[in-house]
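Visitor: Make a model of the complete structure from these sequences and hints.
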Amino acid sequence: MHFLNNVKLRDKFLLIILSIFIFVFFLFSFVLIRFEEKQIIENTRLQGEYLVKTLAFTFIKALEGNNPAQDIKRAVSQTQNDKNIRNLILIDTNNTVLYRSGPLPASIKNSAQFTQTKELLKPTMIQFIYPLNNIEKSYGVVYLDYSLESAIAKLTYFKYFLIISAFLILVLAIFLSLILSRMVTRQVDLLHQTVQKVNNGNFSHKVQVTANDELGDLAKAFNLLFHTIKESNKNSYIKTKKLLAEKNMLHAILSNLYEGVIVTDPGMRIIEINTTAEDMFDIYSKLALGELVSTIIKNEIYIERISAFTSDSEPAMSFSIQFAPDELSSSTYKVSLIRATNEFGEIIGIISVFNNITKEHKIDEMKTNLLQIVSHELRTPLVSIIGFLDILEKEGKSYIKEQHFEFIDLAKTSAENLKNLVNNLLSLSRLQSDQIEFTITKIALPSLIDEVVKTFHPQIEMKGLAINKKYHSESFFLECDHNMIRQVLFNLIGNAIKFTDSGSITLSTSQDEHNTSIEIADTGIGIPQKYIAEIFEKFKQVDLSFSRNYEGIGLGLSIVQEIITRLGGSIKVSSAEKKGSVFTISLPIKRNS
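Going from the sequence shown to the working numbering is simple: count from 1 and add 660.
One or more hints might be untrue.
Stated by the list, open to error - For lysine-lysine, the following DSSO-like pairs were computed, each having C-alpha atoms within a straight-line distance of at most 27 Å:
1) 814 <-> 778
2) 946 <-> 907
3) 1019 <-> 994
4) 1114 <-> 1129
5) 1239 <-> 1190
6) 946 <-> 899
7) 698 <-> 782
8) 782 <-> 743
9) 797 <-> 721
10) 721 <-> 778
11) 1158 <-> 1190
12) 1232 <-> 1130
13) 1019 <-> 1190
14) 902 <-> 946
15) 946 <-> 958
16) 1102 <-> 1129
17) 946 <-> 994
Simulated from the structure, these hints should not be mistaken for laboratory data.
Guide: So this is what it looks like as structure tokens:
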């Protein structure tokens, strides 16, 4: 049927009409011929049956009369005008043939076997065997071969009549089909011509409406559609021109940025890259576009973070990576991930911004090394100073005035604070330089949290803070380094107490199949949104007028982040100014030592 694909609609319509007509006509002719055939044969049978009954009645009268032979001959002579009689035989009860006009079939030589009328239909005749019986006795049988040739001739004539009629009707049907197909397809042809013109860009042309039927309605709908497309194309051209200008402007801005920018779609394929990123990673944008970012930027940390970021709920993420294109050179980049969404809130891409901080990183390493050296050198004399102050406090009562002990306490407190600072600096530098070995053990987390809270009992009592504990279980374990996780809890709970003058602190835990989460929520001064991304940096404190009176140099959260990262976990913070902060730690339940 594939050849019909290239046939015009008008010809298809004509072909369908003719096919339907031919099918219906032949079906009707077949049924009519069968009906007529049965009717003609039935009429012939009735004629034969009537004739044989009439002959039987006449023969009985003749056989009962005085001159049966002459009466039989007279009765037979009356049937000579009937051309359908092929053979007529009369046999009495003694099987004597009284009359026959043709051969005697062997099947009727014994007349006694026929007690009832018998009819036998053959291709060209009907055989009748009729017993000659009355109430008193039997006289024999009448055998009649009644021809069907006249019936067949009538049927043949009827078939010829149907063939001639079919030819005439077919000619008429073709003529009417041409007129009808022309009427039906004219509107379609006009529509097709208009569509061709519209396809060539001529949207001003309209379909001529030639009827008020469904095709006319279709033509009107197409005219409306063409008008809509024309207006839409006009608007699209304006929008496209505007978008092209914006794209060129965006491309110019990206090309002149100091930072490298790579934009990926939700499937992690690169859709935009600026020249700075090309230079940073020695890639060619035309080859990189459309490729998976993992095949272009071969850095495990970056690929791991951007993969996690696509399913995370945070709007942005920052981290640092080391990128070494060869063994002789290495660069450090601060990476910022930003989620791009459409007006429906659906993610349409991830923007990666790379800032080369190699110089800053080296300076930071130098500062860290210097701080480590200075801290280490300060630690020994500090221990001595604190020791001497302890001796003065215990043994100097005999030669030191009582009012001078206040100065000793102040000096001791300052020395202890300085010692804590030195210890924090040493801890941070060792963490960053991987000088601390973690020992993984099984820790009863609720007990450890309770232990840390007890160390702050005086401060809690002094401020009148309420401590709420919401453990998902009173007894559960975490595989972790005991000292490191204690340091994390100490710093976070300490900060919560320090920055909360009144209200409450809530300590919560939860656990799923893989991770344990610890949440420290306070009702303190809070952190403005613009500072949240910076609070984990070293020596960083939020510069707020109401937070400057709190002690500290901003190392606690840096240490927390370094420890959590080393433990394979993550830390998140949400905060509202003057309402409080929530720090959430997520750690794997099991971890290899």
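Visitor: The structure should be examined with respect to each hint, and the outcome stated for every one.
Guide: Here is what the structure says about each hint:
Straight-line distance between C-alpha atoms of residue 814 and residue 778 comes to about 26 Å, which keeps the hinted pair within the 27 Å bound. The straight-line distance between the Cα atoms of residue 946 and residue 907 is roughly 17 Å, inside the 27 Å bound, and the hint therefore holds. Of the supplied pair hints, the one linking residue 1019 and residue 994 holds, its CA atoms being roughly 12 Å apart against a limit of 27 Å. The suggested pairing of residue 1114 with residue 1129 holds, with an alpha-carbon distance near 13 Å, which does not exceed 27 Å.
Pair hint residue 1239 plus residue 1190 holds up; C-alpha atoms about 16 Å apart against a cutoff of 27 Å. Taken as a hint, the residue 946 and residue 899 pair is honoured in the structure, with Cα atoms around 26 Å apart against an allowance of 27 Å. For the proposed pair residue 698 and residue 782, the alpha carbon gap of about 14 Å is at most 27 Å, so the pair holds. Taken as a hint, the residue 782 and residue 743 pair is honoured in the structure, with Cα atoms around 17 Å apart against an allowance of 27 Å.
Between the alpha carbons of residue 797 and residue 721 the distance comes to roughly 13 Å, so the proposed pair stays at or under 27 Å and holds. Between residue 721 and residue 778 the alpha-carbon distance is near 22 Å, which keeps this suggested pair within the 27 Å criterion. Restraint check for residue 1158 and residue 1190: satisfied, since their Cα atoms lie roughly 21 Å apart, inside the 27 Å limit. For a cut-off of 27 Å, the pair hint linking residue 1232 to residue 1130 stands: about 19 Å separates their Cα positions.
The suggested pairing of residue 1019 with residue 1190 holds, with an alpha-carbon distance near 25 Å, which does not exceed 27 Å. This hinted pair checks out: residue 902 and residue 946 have alpha carbons roughly 24 Å apart, not beyond 27 Å. With a C-alpha separation of about 18 Å, the suggested pairing of residue 946 with residue 958 holds against the 27 Å cut-off. Between the alpha carbons of residue 1102 and residue 1129 the distance comes to roughly 21 Å, so the proposed pair stays at or under 27 Å and holds.
The hinted pair formed by residue 946 and residue 994 meets the criterion: a straight-line CA distance of about 25 Å does not exceed 27 Å.
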